[in-house]
Amino acid sequence: NAGVTQTPKFQVLKTGQSMTLQCAQDMNHNSMYWYRQDPGMGLRLIYYSASEGTTDKGEVPNGYNVSRLNKREFSLRLESAAPSQTSVYFCASQPLAGSTDTQYFGPGTRLTVL
Amino acid sequence: LAKTTQPISMDSYEGQEVNITCSHNNIATNDYITWYQQFPSQGPRFIIQGYKTKVTNEVASLFIPADRKSSTLSLPRVSLSDTAVYYCLVGDRRYGNKLVFGAGTILRVKS
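Order-wise, the sequence lines are chains S and R.
Just add 115 to the spot in the first sequence (first one is 1) and you have our numbering.
Just add 12 to the spot in the second sequence (first one is 1) and you have our numbering.
Treat the hints as calculated values from the structure; they're not laboratory data.
Just so it is clear, the structure is predicted and the values come from calculations on it, not from any experiment.
C-beta atoms are modelled at their ideal positions from N, C-alpha and C, and glycine is treated no differently.
Be aware that one or more of the hints could be misleading.
Simulated DEER-style distance windows between Cβ atoms [stated by the list, open to error]:
{"#": "1", "chain 1": "S", "residue 1": "Thr135", "chain 2": "R", "residue 2": "Thr65", "range": "39 to 47 Å"}
{"#": "2", "chain 1": "R", "residue 1": "Ser53", "chain 2": "S", "residue 2": "Leu184", "range": "21 to 29 Å"}
{"#": "3", "chain 1": "R", "residue 1": "Arg57", "chain 2": "S", "residue 2": "Arg225", "range": "16 to 24 Å"}
{"#": "4", "chain 1": "S", "residue 1": "Glu194", "chain 2": "R", "residue 2": "Lys66", "range": "45 to 53 Å"}
{"#": "5", "chain 1": "R", "residue 1": "Ser86", "chain 2": "S", "residue 2": "Pro198", "range": "40 to 48 Å"}
{"#": "6", "chain 1": "R", "residue 1": "Arg89", "chain 2": "S", "residue 2": "Lys172", "range": "38 to 46 Å"}
{"#": "7", "chain 1": "S", "residue 1": "Arg225", "chain 2": "R", "residue 2": "Phe58", "range": "32 to 40 Å"}
{"#": "8", "chain 1": "S", "residue 1": "Gly118", "chain 2": "R", "residue 2": "Asn38", "range": "28 to 36 Å"}
{"#": "9", "chain 1": "S", "residue 1": "Ala117", "chain 2": "R", "residue 2": "Ser93", "range": "36 to 44 Å"}
{"#": "10", "chain 1": "R", "residue 1": "Arg120", "chain 2": "S", "residue 2": "Leu184", "range": "27 to 35 Å"}
{"#": "11", "chain 1": "R", "residue 1": "Lys64", "chain 2": "S", "residue 2": "Gly131", "range": "50 to 58 Å"}
To be clear about the criterion: a stretch of chain R counts as covered by chain S if any three or more of its residues have a C-beta under 8 Å from a C-beta of chain S, and this derived list gives those stretches [as the list claims (entries may be wrong)]:
{"#": "12", "segment": "24-30"}
{"#": "13", "segment": "55-62"}
Isolated chain R, as found in the complex (with noise of 0.2 Å):
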């Protein structure tokens, strides 16, 4: 079964706002929901994470809702260098709590 989904990919144009939606109807009580960001030919590199309601860093917001079943991760202004993979995930307890990605939401930014 699949942890999280997301939507398989997404366009936006230089200077806008994105927000990718991730759900997790089964997530547990101590999990916490991280965002991954991949660029062609790289690793994974990690974006932000958070348990509950509103976390930001200087790369990106993330909005867990109380009900935690999902959350949205916002990319202020994008530009073309932030075209990339981005991965929802959280803990699988099937892998001793381990984390487990999915296929992610390809992001493509135009100019």
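One chain only, chain S, in its complex shape (with noise of 0.2 Å):
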């Protein structure tokens, strides 16, 4: 099993310009979360989706957008970045919605925006 996986490692992207930061498990996992760490920061809860068909918004989510495409894959979309945007990415993925099942992490999206 791959567990989570996260696609692209790096993008640089001008002011402006939009992409999509994919996130994709193969643990079967109903719940999946976005978070973005800043340098020396914890990480912050953007979106979260409990389960398929659902999306609600974290601590952070002006400027996102998030798409459960099916159990397995949750994207992240920036439809116009901005430098403060700039950041580390991580999608993470846990059995059930709940403090008490485990989450686990992919490796990360470096963004920077220009």
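Grab the two chains, each in its own frame, and use the hints to assemble them into the complex.
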């Protein structure tokens, strides 16, 4: 099993450009999450999907949209990138939503917006 | 409001036992306490989880007092490879009981 995979690993955008970050998991997990991590900071929750067909806002959703394409895939879209969105983005999956289940993280996508 | 409070950083030497304490005064009855570890340029990795008293696995021990308002992660005989950021989390009801990461504790292990 590959676990949680993310593409791309690195990306440089110009202000105003759009892009989609892809995330897939092969563990048959119900819940998936998108976090961002700024230098020297902890992770902040952007959006999450408790189950296929549902999405909800997290702590910092402004400037982002998400799509839970199917049970395996959860994408994050930046419609008009801004320098403030320069960060490392992590996707995670969890068997069931709730604090008793471990979250499994992908390797991250490093995004720079110029 | 911060859900958990941890020291910003700690230093230790190889072979020592390291204890990182986390404060969670507003923990809810159904919340579990979970610790994650993050190495540079990697996603966080689950270490240990508990509800009360003591939990031990092959990596660490977790001590939780009866009032559950704090917890202590204990790493026995650390090595250089244990240098990482350690996060203490409890379920956050603001987001449907999802985990919320704080800034974590930077542990530096020296030789």
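Now for the hints, and whether the structure bears them out:
1. Taken as a hint, the range 39 to 47 Å holds for the pair Thr135 of chain S and Thr65 of chain R, whose Cβ atoms sit roughly 45 Å apart.
2. Taking 21 to 29 Å as the suggested C-beta distance range, the pair Ser53 of chain R and Leu184 of chain S conforms, at roughly 27 Å.
3. Under the hint 16 to 24 Å, the C-beta atoms of Arg57 of chain R and Arg225 of chain S, about 18 Å apart, fit the expected range.
4. At about 48 Å, the CB distance of Glu194 of chain S to Lys66 of chain R agrees with the hint of 45 to 53 Å.
5. Ser86 of chain R and Pro198 of chain S have their C-beta atoms about 41 Å apart, which keeps the hinted 40 to 48 Å range intact.
6. For the pair Arg89 of chain R and Lys172 of chain S, the beta carbons lie near 43 Å from each other, so the given range of 38 to 46 Å is met.
7. Arg225 of chain S and Phe58 of chain R have their C-beta atoms about 23 Å apart, which leaves the hinted 32 to 40 Å range violated.
8. Judged by the Cβ atoms, the range 28 to 36 Å given for Gly118 of chain S and Asn38 of chain R holds: they are separated by roughly 33 Å.
9. Look at Ala117 of chain S against Ser93 of chain R: about 24 Å separates their beta carbons, and that is not inside 36 to 44 Å.
10. Under the hint 27 to 35 Å, the C-beta atoms of Arg120 of chain R and Leu184 of chain S, about 41 Å apart, miss the expected range.
11. The hint said 50 to 58 Å for the Cβ distance between Lys64 of chain R and Gly131 of chain S, and at roughly 51 Å that hint holds.
12. Counting residues of the segment 24-30 of chain R whose CB lies closer than 8 Å to any CB of chain S gives 0, so the stated coverage by that chain is violated, three being the minimum.
13. Coverage of the segment 55-62 of chain R by chain S holds in this model, with 5 residues showing a Cβ closer than 8 Å to a Cβ of that chain against a need of three.
In the structure shown, a violation is registered for the earlier hints numbered 7, 9, 10, 12, in ascending order.
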